[in-house]
Amino acid sequence: MGEAVGQFLSHAVGVAISPLALVAVIAILTAPRGRANALWFALGWMLAVVAVFAALLVVGARAGARHDGHPGAWVSWFRLVLGVLLALMALRQLRLAAASEEGALPPRLRNLEQFTPANCLTLGIVLALANPKNVTQIATGAVGVASEISHTGGRITAEAIFVAIASLGVLIPLLVHFSGHPAAHQTLQRWRDWTVRNHYAIMAVLFILLSAKTLGDAISGLL
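Numbering-wise (our numbering), the sequence shown opens with residue 4 and increments by one.
Take the hints with a grain of salt, since some may be wrong.
Claimed, not checked - Here are the computed lysine to aspartate or glutamate pairs in the DMTMM-like style, where the Cα-Cα straight-line distance is at most 25 Å:
#1 K136 with E162
#2 K216 with E162
#3 K136 with D196
Calculated from the structure, these hints are not laboratory results.
Based on the sequences and whatever the hints tell you, model everything.
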């Protein structure tokens, strides 16, 4: 179990570091009915991660991710392909960072004060799944668990750990808000403003690190 957690830890953190989700949950918290709507948003995010991870875990297990007590031969090739895709995504983010309007809020995150609980639930699902970075990291984590753990109980535990870590980016702002600290609102606004300004740069650096980790695991498995 420990080795499996070590394998997917960086990928779960990669999902958690999602600037748009952070900006969205902070914006929802400052809107009318913010607390309830933010909880719905977090629920949507977590349900999406749970569903996709579980589906890919089953697919990976049935495809022979673990064979004769060892990771299947295709697992390393799968990681190699994802690592290359992440490198390409990093280049795209660098281009977007150079061309973006500093401080511009993405269109999908405007007018959040008009969102209903159902809208917030849907937004959480969309932001979790519409980002290729999240999908690649969930896929890598799920295949990693399928290749390292053979029993169902261990896989369920590993998925629970992955989902908890992957959701920290939306849960931490909630904890700060619900703490009731006098400076909580100002703290969240600073986080929001900084994230909006540096969104593309954050993503570019993250993609580079995730690509290096994934490619390293792939090459290690192939040699």
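Now the hints, each set against the structure:
| no. | hint | verdict |
| --- | --- | --- |
| 1 | K136 with E162 | holds, 18 Å |
| 2 | K216 with E162 | holds, 20 Å |
| 3 | K136 with D196 | holds, 22 Å |
Taken one by one, the earlier hints all hold for this structure without exception.
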